[in-house]
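Sequences listed follow chains Y and F, in order. For the first sequence, counting from 1, position 484 maps to 662 in the numbering used here; every step adds exactly one. For the second sequence, counting from 1, position 186 maps to 236 in the numbering used here; every step adds exactly one.
Bear in mind the hints are in silico, worked out from the structure with no lab data behind them. Keep in mind that the hints are not guaranteed to be accurate.
Claimed, not checked - Simulated crosslink set (DSSO-like; lysine-lysine; CA at most 27 Å straight-line):
| # | chain 1 | residue 1 | chain 2 | residue 2 |
| --- | --- | --- | --- | --- |
| 1 | Y | Lys198 | Y | Lys430 |
| 2 | Y | Lys733 | F | Lys142 |
| 3 | F | Lys99 | Y | Lys733 |
| 4 | F | Lys97 | Y | Lys685 |
| 5 | Y | Lys209 | Y | Lys198 |
| 6 | Y | Lys391 | Y | Lys430 |
| 7 | F | Lys56 | Y | Lys733 |
| 8 | Y | Lys733 | Y | Lys391 |
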Amino acid sequence: MELNARIPSGPLEQKWDRHKFALKLVNPANKRKYTVIVVGSGLAGASAAASMGELGYQVRCFCFQDTPRRAHSIAAQGGINAAKNYQNDGDSIYRLFYDTVKGGDFRAREANVYRLAQVSVDIIDHCVAQGVPFAREYGGLLANRSFGGAQVSRTFYARGQTGQQLLLGAYSALERQIAGGTVAMFPRTEMLDLIVTEGRAVGIVTRDLVSGKVESHFADAVVLASGGYGNVFYLSTNAKGSNVTATYRAYKRGAAFANPCYTQIHPTCIPMSGDYQSKLTLMSESLRNDGRVWVPRAAGDKRAPGDIAEAERDYYLERKYPSFGNLCPRDIASRAAKEVCDEGRGVGETGLGVYLDFADSINRVGEDKIRERYGNLFDMYERITGENPYRVPMRIFPAVHYTMGGLWVDYNLMSTIPGLFVHGEANFSDHGANRLGASALMQGLADGYFVIPYTIGNYLAQVKPGSWRADSADAKAACVDATARVDRLLSINGTRTVDSFHRELGKIMWSDCGMARNQTGLAEALQRIPELRAEFWRSVRVLGRGEEFNQSLEKAGRVADFLEFGELMCRDALHREESCGGHFRTEHQTADGEARRDDDQFCYVGAWEYRGDDRAPVLHKEPLVFENVKLATRSYK
Amino acid sequence: MRITLKVWRQSGPHATGRFETYQADQVSPDMSFLEMMDVVNEDLIGKGKEPIAFDHDCREGICGMCSMVINGMPHGPHRATTTCQLHMRSFKDGDRVTVEPFRARAFPVLRDLAVDRSSLDRVMQAGGFIGVATGNAPEANAAPIAKDAVDRAMDAAQCIGCGACVAACPNASAMLFTAAKVSHLGLLPQGQPERYRRVLGMVGQMDIEGFGGCTNFGECQEACPKEIGVWTIARLNGDFLKGSLTARGDKRGGGDAA
Ligand SMILES: Cc1cc2nc3c(=O)[nH]c(=O)nc-3n(C[C@H](O)[C@H](O)[C@H](O)COP(=O)(O)OP(=O)(O)OC[C@H]3O[C@@H](n4cnc5c(N)ncnc54)[C@H](O)[C@@H]3O)c2cc1C
Ligand code: FES
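Here chain Y stands alone, though its shape is the one from the complex (with noise of 0.2 Å):
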């Protein structure tokens, strides 16, 4: 296996522009004659089905919820970045681009990162043509907040509902193409296995969630905008649904892995309470530009929050963080939280909770411009606790939210299998080991409005129409294997529900690959994980049948293939020895207890090649060359 990046020649700033001279194109009259297969509706897919309908490509997209504007996407609530420089504070593309591959701890591509940003500010004008209802001020012009691991305020939102209003936009652009005859959907439709023939990605094999027919659809190139993988925590802040079985499998096929330990913990989302919790819930950063975090200063201190005097509270990232304070990046907030909690002086009645204090900036701006703040995510807080945070702090706790890993792609966001590209969430590129808030709705939106219409016709213009063959040997094994795998699922009637076993490969991965990682844990959790997948496959319980609607059936299929990845994610967790953003190393820490990165030995992407269900996965390594930034220790104090 190759990693060629393609990173086109030339300075930064031209390589966008001249990549894209260079690119083949399909001529307008061809277009119609190009089937492309989009799994995926979340922004990273919606926009790029869109898109790619909108130039004239047949495009087939595929969701697992009952509507295209179900998916995850939806959820994100603080909002996107751009460097537009509204507020002539000094942002411009270049500190955007700046702010991402520091913010990643220095394990991105640069290329990619600086395009991001370059093309960052075409996506608000964009999305304002589209009618995005994006927050304003009174003289109308477009408003600003400020998100972590940046000094300017560059992030765009439209109240707590950012990613909601993004996709909706994006949404209606895809109906547009639908009603259009240009894109076909398929909601409520899981892609169970990608189909690759003569080395090519042509097709995929789907289940339909509502009749249970397993088959298989055919295109020209197959772009995968499934999303992330958090879920295989068990406990995180995606949706329910949210998987890496799109992903997962395309590995198995041949397409590189990279770095699937690295993993956003979100320093503010409110904690457990109970077994029974079946997700967690973000108070989106935004929260941090008025709310103050802090806990007692002595371990042990029960006390209501109101009881404890200001001398008795230890502001602590203001106090360890002074230039950044409560906006500092995520990872370095999370792990400060956790030391916190560690030291006894974590708050709530589990003891692991931080207080997210509102006082101050209520009584700075008041009551009612916090509301028009926050006030929907106030509610939700409420809601959820039964607590009143315009009267009591906040608690927070942090949790799983968003997986920085995924399939590895090129310059072109192609995978290692031509033919697939890869999307949003689900790949790799621009993040590095830490995402920025407000990054991902950028990144997915910038993929698939600005990056595939580009790169999808240069690949495309050196392939025939339809020249996959359906019935070639593959294709079939492909489908054959995925309606066996139903079967097996169904045939075992053991003993334990699915959620169980999810569960408890869940508690596996966060104590051992979660915020803080060691040798031992990793290598313990590299032995439990195959122990758990075999009793998967000896006890699981899947009732009903698999040509009917059946969501434990779902569920299965899902967490089999999180019980092979949580693996994978191990694997490469341990081999990695530093620490770098989101991925943190107990033994690789600094004395005061900062992550230690090791750019003589890791300064690079850590892809993985399946060889087989019986052989370790082979690393390949993608040398990261550093020619704009100075790789330096991130210092947010």
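Here the structure of chain Y is known, so what remains is to put chain F with the ligands in place on it, guided by the hints.
Okay, now just chain F with the ligands, sitting in the frame of chain Y:
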């Protein structure tokens, strides 16, 4: 807490359904309604019975996937709250709770509590968009938009497309859903060129899908988890009237997108 649940079970779109009764014995007030349902399902699987099918995904009240009519009310008793955000502290020990699917002609039951709401997508296809292809947009700050207009557009744009308004309406009308989109786009300058085409197309498609007409019961507004108001319907009616008077026979908004 102990809760007795009376749940609608229906094995497929063409099967006849019936209520079945289940006991949930160890319900914590901090559980969400869906977490309580998860526990019931785990228990059913343990007993070798097929779990209750219900739609859900985000479990944070934003994707619009969860549905269910709880004690006669879409999304249950709590104002401005989806089923997934409803917590068991809204119920009392010993309560009997009836759970049914959203019922409407345009929402056929797929299984148990899960229904097919694709009719709403088709209403969107008939005009619920601004026809701007990628790459055409002018600079975002070139045209200021009054904050009040955007705030009001946002009030309407918050619709999560869950269909509770349809389930609540005695006529099973999708008027609030449609009006929310018509208002969101109609309040913005970008939405003006297609304003009347849009409303005619979407309302026409609503009829085709078998949604009932709106006779101003206002139940939709009460059921809406995002508190979208019937003011949007008033706007829609105004636009519809104006559009009908000036229409040139083309009632579909979509269809010429490519
Ligand atoms: C609570 C929350 C808040 C967030 N807030 C922000 C924010 O403020 N700013 C920001 O930039 N980022 C934010 N993020 C991150 C961001 O929302 C996501 O990273 C991003 O939306 C992912 O988009 P996507 O299109 O890649 O994938 P998704 O939106 O996850 O979409 C995945 C799609 O793939 C489909 N799919 C998946 N598997 C299959 C399969 N096997 N077969 C068929 N279809 C499949 C799904 O149906 C879905 O349509 C937030 C994330 C969370 C969890
Ligand atoms: S599950 Fe998403 S709104 Fe309820």
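Going down the list of hints, with the structure as the test:
1. Lys198/Y / Lys430/Y: The hint is violated at about 32 Å.
2. Lys733/Y / Lys142/F: 32 Å, violated
3. Lys99/F / Lys733/Y: With Cα atoms ~17 Å apart, Lys99/F and Lys733/Y stay inside 27 Å; holds.
4. Lys97/F / Lys685/Y: 26 Å, holds
5. Lys209/Y / Lys198/Y: OK: Lys209/Y and Lys198/Y at ~18 Å, within 27 Å.
6. Lys391/Y / Lys430/Y: Status holds; Cα separation ~23 Å.
7. Lys56/F / Lys733/Y: Given pair Lys56/F, Lys733/Y holds - Cα atoms ~25 Å apart, limit 27 Å.
8. Lys733/Y / Lys391/Y: 16 Å, holds
In this structure, the earlier hints numbered 1 and 2 are contradicted, and the remaining ones agree with it.
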